[in-house]
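Undergrad: Whole structure, please, built from the sequences with the hints as guidance.
Just so you know, the protein sequences line up as chains A and C, in that order.
Heads up, the first sequence is in the numbering used here, so the first residue is 1 and it goes up one at a time.
Heads up, the second sequence is in the numbering used here, so the first residue is 1 and it goes up one at a time.
Since the hints were derived computationally from the structure, they do not count as laboratory data.
Treat the hints loosely; a few may be bogus.
Identical copies look the same in the list; a pair holds intra-copy or inter-copy alike.
Only pairs whose alpha carbons sit at most 20 Å apart, straight line, appear in this in silico SDA-like list of lysine to any residue [to be verified]:
| hint | residue 1 | residue 2 |
| --- | --- | --- |
| 1 | Lys47 | Val165 |
| 2 | Lys47 | Val21 |
| 3 | Lys435 | Leu160 |
| 4 | Lys35 | Leu262 |
| 5 | Lys5 | Ser127 |
| 6 | Lys5 | Thr396 |
Every value quoted in this text rests on a predicted model; they were computed, and no experiment measured them.
Protein chains: 2
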Amino acid sequence: MSESKSAVLEQLRELLGDSGVRETPDDFLPDIILKPSSTEEVSEILKICSAAGQAIVPIGGKSGLASGHHQTDSELGLSLERMNAIEEIDTANRTMTVQAGCILQLAHEAAEEHDLLLPLDLGARGSATVGGNVATNAGGNMVIRYGMVRDMVLGLEVVLADGTVVSSMNKMLKNNTGYDLKQWFIGAEGTLGIITRVVFRLRPQPRSQNTALLAVDDFASVRRLLHWLDGHTAGTLSAFEVMWPEFYDHITREGGNHTPPLPRGSAHYVLVETLGSNPAADADSFENVLAEAMEQGMVSDAVLTRSQSERNALWEIRDDVLDFFVLGPFIPFDISVTVDRMEGFIGDIRRGAEAANFDICVIFGHLGDCNLHVLLGNRDAASFDPEAVEAFLYDTVERYQGSVSAEHGVGLAKRAQLPRSRSPEELRLMMGLKKMLDPDNILNPNKIFTVDQIAAS
Amino acid sequence: MSESKSAVLEQLRELLGDSGVRETPDDFLPDIILKPSSTEEVSEILKICSAAGQAIVPIGGKSGLASGHHQTDSELGLSLERMNAIEEIDTANRTMTVQAGCILQLAHEAAEEHDLLLPLDLGARGSATVGGNVATNAGGNMVIRYGMVRDMVLGLEVVLADGTVVSSMNKMLKNNTGYDLKQWFIGAEGTLGIITRVVFRLRPQPRSQNTALLAVDDFASVRRLLHWLDGHTAGTLSAFEVMWPEFYDHITREGGNHTPPLPRGSAHYVLVETLGSNPAADADSFENVLAEAMEQGMVSDAVLTRSQSERNALWEIRDDVLDFFVLGPFIPFDISVTVDRMEGFIGDIRRGAEAANFDICVIFGHLGDCNLHVLLGNRDAASFDPEAVEAFLYDTVERYQGSVSAEHGVGLAKRAQLPRSRSPEELRLMMGLKKMLDPDNILNPNKIFTVDQIAAS
Numbered sequence: 001m002s003e004s005k006s007a008v009l010e011q012l013r014e015l016l017g018d019s020g021v022r023e024t025p026d027d028f029l030p031d032i033i034l035k036p037s038s039t040e041e042v043s044e045i046l047k048i049c050s051a052a053g054q055a056i057v058p059i060g061g062k063s064g065l066a067s068g069h070h071q072t073d074s075e076l077g078l079s080l081e082r083m084n085a086i087e088e089i090d091t092a093n094r095t096m097t098v099q100a101g102c103i104l105q106l107a108h109e110a111a112e113e114h115d116l117l118l119p120l121d122l123g124a125r126g127s128a129t130v131g132g133n134v135a136t137n138a139g140g141n142m143v144i145r146y147g148m149v150r151d152m153v154l155g156l157e158v159v160l161a162d163g164t165v166v167s168s169m170n171k172m173l174k175n176n177t178g179y180d181l182k183q184w185f186i187g188a189e190g191t192l193g194i195i196t197r198v199v200f201r202l203r204p205q206p207r208s209q210n211t212a213l214l215a216v217d218d219f220a221s222v223r224r225l226l227h228w229l230d231g232h233t234a235g236t237l238s239a240f241e242v243m244w245p246e247f248y249d250h251i252t253r254e255g256g257n258h259t260p261p262l263p264r265g266s267a268h269y270v271l272v273e274t275l276g277s278n279p280a281a282d283a284d285s286f287e288n289v290l291a292e293a294m295e296q297g298m299v300s301d302a303v304l305t306r307s308q309s310e311r312n313a314l315w316e317i318r319d320d321v322l323d324f325f326v327l328g329p330f331i332p333f334d335i336s337v338t339v340d341r342m343e344g345f346i347g348d349i350r351r352g353a354e355a356a357n358f359d360i361c362v363i364f365g366h367l368g369d370c371n372l373h374v375l376l377g378n379r380d381a382a383s384f385d386p387e388a389v390e391a392f393l394y395d396t397v398e399r400y401q402g403s404v405s406a407e408h409g410v411g412l413a414k415r416a417q418l419p420r421s422r423s424p425e426e427l428r429l430m431m432g433l434k435k436m437l438d439p440d441n442i443l444n445p446n447k448i449f450t451v452d453q454i455a456a457s
Numbered sequence: 001m002s003e004s005k006s007a008v009l010e011q012l013r014e015l016l017g018d019s020g021v022r023e024t025p026d027d028f029l030p031d032i033i034l035k036p037s038s039t040e041e042v043s044e045i046l047k048i049c050s051a052a053g054q055a056i057v058p059i060g061g062k063s064g065l066a067s068g069h070h071q072t073d074s075e076l077g078l079s080l081e082r083m084n085a086i087e088e089i090d091t092a093n094r095t096m097t098v099q100a101g102c103i104l105q106l107a108h109e110a111a112e113e114h115d116l117l118l119p120l121d122l123g124a125r126g127s128a129t130v131g132g133n134v135a136t137n138a139g140g141n142m143v144i145r146y147g148m149v150r151d152m153v154l155g156l157e158v159v160l161a162d163g164t165v166v167s168s169m170n171k172m173l174k175n176n177t178g179y180d181l182k183q184w185f186i187g188a189e190g191t192l193g194i195i196t197r198v199v200f201r202l203r204p205q206p207r208s209q210n211t212a213l214l215a216v217d218d219f220a221s222v223r224r225l226l227h228w229l230d231g232h233t234a235g236t237l238s239a240f241e242v243m244w245p246e247f248y249d250h251i252t253r254e255g256g257n258h259t260p261p262l263p264r265g266s267a268h269y270v271l272v273e274t275l276g277s278n279p280a281a282d283a284d285s286f287e288n289v290l291a292e293a294m295e296q297g298m299v300s301d302a303v304l305t306r307s308q309s310e311r312n313a314l315w316e317i318r319d320d321v322l323d324f325f326v327l328g329p330f331i332p333f334d335i336s337v338t339v340d341r342m343e344g345f346i347g348d349i350r351r352g353a354e355a356a357n358f359d360i361c362v363i364f365g366h367l368g369d370c371n372l373h374v375l376l377g378n379r380d381a382a383s384f385d386p387e388a389v390e391a392f393l394y395d396t397v398e399r400y401q402g403s404v405s406a407e408h409g410v411g412l413a414k415r416a417q418l419p420r421s422r423s424p425e426e427l428r429l430m431m432g433l434k435k436m437l438d439p440d441n442i443l444n445p446n447k448i449f450t451v452d453q454i455a456a457s
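TA: This is the structure we're talking about:
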């Protein structure tokens, strides 16, 4: 440890006490993690770090897939795990005020106790923190209905690099008093400030849930189906998840963990769900809308769930991405392309993967949000060349004018790819804000941009 | 005209031709209005103005109520009225690409031709431009369902003060590639850049519309009704507009322009509307939900509309704010307070108005969005003291921790009030971004902040 780092650490130990500093050797994360218990302590930490030029890495649930929580040099970690209180559920205004270290699942449960919904749902709900979700503008399974995290944040409290606490804990849906500062920090991956508290907008808890798995023969029908359902379910469509056969056939294989609810061998499987308020009427109308979609030839086969366990079984198929690790090494990509370009994009990915002998090529995603996940790799570990896989995938994304990050952020993992989706003018503006808010690069340095890129901009 | 201004004007005339410059003496607007016909011309204009330190005021439909389009010194006006093309309606991705000068109503109609909805509706739809709507983060009548303009913008093209064109014409719902730049410019009232093109997210056109006017006896029931309806209409609730008796009784007075659909004399009138996809089923369910609300004592009287003309008649009552000008001079305020504080706030406004002899005191608003409009003034013009009226209203807003601008922005009209709703830290950050993006204060100077405030910050 450098002399200056150990001097800083001494000051921080004095501030936080022994229980406020954890040391655990780790290959990826910082070895020393600071655990403040209040916004004031976060502010003091940043004042000390700022004065010493000591960089920090904010760490949430460590479920991010872009390495945004990894260390790049000799940063200290900053975990808000002790700032995990749900401070208020305001049923009159239907808002939740919560500290950033709260686990997403616990926030869900607290809202549910008041018959309210925090409409953010993703696989890592049991470990992800709401602060991490806001910092990465998380997406997930209900974006088509409720939007990204950005759309459900009403207010934020942020600590700036110099320790200034900026409190914008707004609860009002309409508030046009100057620039909407909170937007700067949402999705900035902890590079512009440390999010300490959040006000979320809550929604009424749905009273009905209707879920089905549909087989669809061609992509034109998938597109028609999306618009048909969205147009005939009055805004209650909350999921439109498409699985291509490489996904479905593997997950429901003989001897695997999941029974196939529909026969294998279709070109597309679509998991659809609506969230409504009238159980009897909604079930009827869901069935009618799907029946008509079948009559019109959009859907070739369908299974509707009749119980919560059947529903869970469908979602477990969609969510069981870990089951692909038995195949061999791969990179899980998270990208967007517009719906009109998606068929061409997927065709090019499949053909290109075959030509390059990437024999793991699995595609699924939140089609209503333009968001595809692609698993690309090799069954034979010795043939796996991550750089070749990345170059191929991102070249194709760029050619289709897609986004190299849909919902997972940039972090370290996609930093080099950013210019494929953003222009030099855009990148220059972004780095301008970074320089303004964090002139010494102490907030999650080297994430999104390298320190050198920023210096040169 | 100063020598430097006339030199600049000569260059601009050369660039734009005679048809690109309009001169009309005006008390409030700039006398000289530039009318570029392309983004490139906007860029050239800003390069010329930037080099000469010549300030400009962007001008849209001139329907703003915060004087954001007024001149403060010797600015030139910049109108995008010739950049009004609807460039594309992309039915596959359900987006609209439109130039900023397009009139909102024409954008509505273009979407409707493709069975799609641009879900932004406000009284000035026939004159407001989409660029002005985005620059002011407009709200309106459907925010409870579809959000503010911010929530429907997928992409933007902006010209910076130095003429740089920043194109972020994204069409994808999920795109987490670095900072979400477009958020900086939405609602910034033309002080950070000139918005030239917009990509809007479109929604399916609703197939049913159910509208009712309800009489509600006490405010606790208004609150319960809001949550009851929102919870039982599965996200289809698109309007929850409350009128207090001073509003309703005047608008529906004997000899006035509107027949009262319900008797006068109730404590609150609530206009509610749902937008659905199944005409027969939605009408039934709307009726059932309202019937149950009456049974539960939330609603004391109700009228449901049976035709488009009945529907229009209800909305004309809600929208006829001009009818209050017969009473005498008043200031139309646009503020937010949280729902739990609203009853206390309104009580204080009424009592205070009476004590101060402000005998025009009319309250109505988008309650589901926390947004109230208050008309406050005097029947006797000689007694009208705008400064006293403003001070009283904004003092009360501040005491209730409300927002001095809900949906109309800050402009000149609310600049002095901004510190009532925003902290010094927030204001300092905002001015930091302004200095970074417009160091010479040539973009809509003195709006939101004075040039002197910025210099001192």
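Undergrad: Indicate, hint by hint, whether the structure satisfies it.
TA: To see whether the hints hold, each was checked on the structure:
{"no.": "1", "hint": "Lys47 with Val165", "in the structure": "within (11 Å within a copy, 37 Å between copies)"}
{"no.": "2", "hint": "Lys47 with Val21", "in the structure": "within (17 Å within a copy, 53 Å between copies)"}
{"no.": "3", "hint": "Lys435 with Leu160", "in the structure": "both (12 Å within a copy, 18 Å between copies)"}
{"no.": "4", "hint": "Lys35 with Leu262", "in the structure": "neither (49 Å within a copy, 60 Å between copies)"}
{"no.": "5", "hint": "Lys5 with Ser127", "in the structure": "neither (30 Å within a copy, 61 Å between copies)"}
{"no.": "6", "hint": "Lys5 with Thr396", "in the structure": "neither (44 Å within a copy, 50 Å between copies)"}
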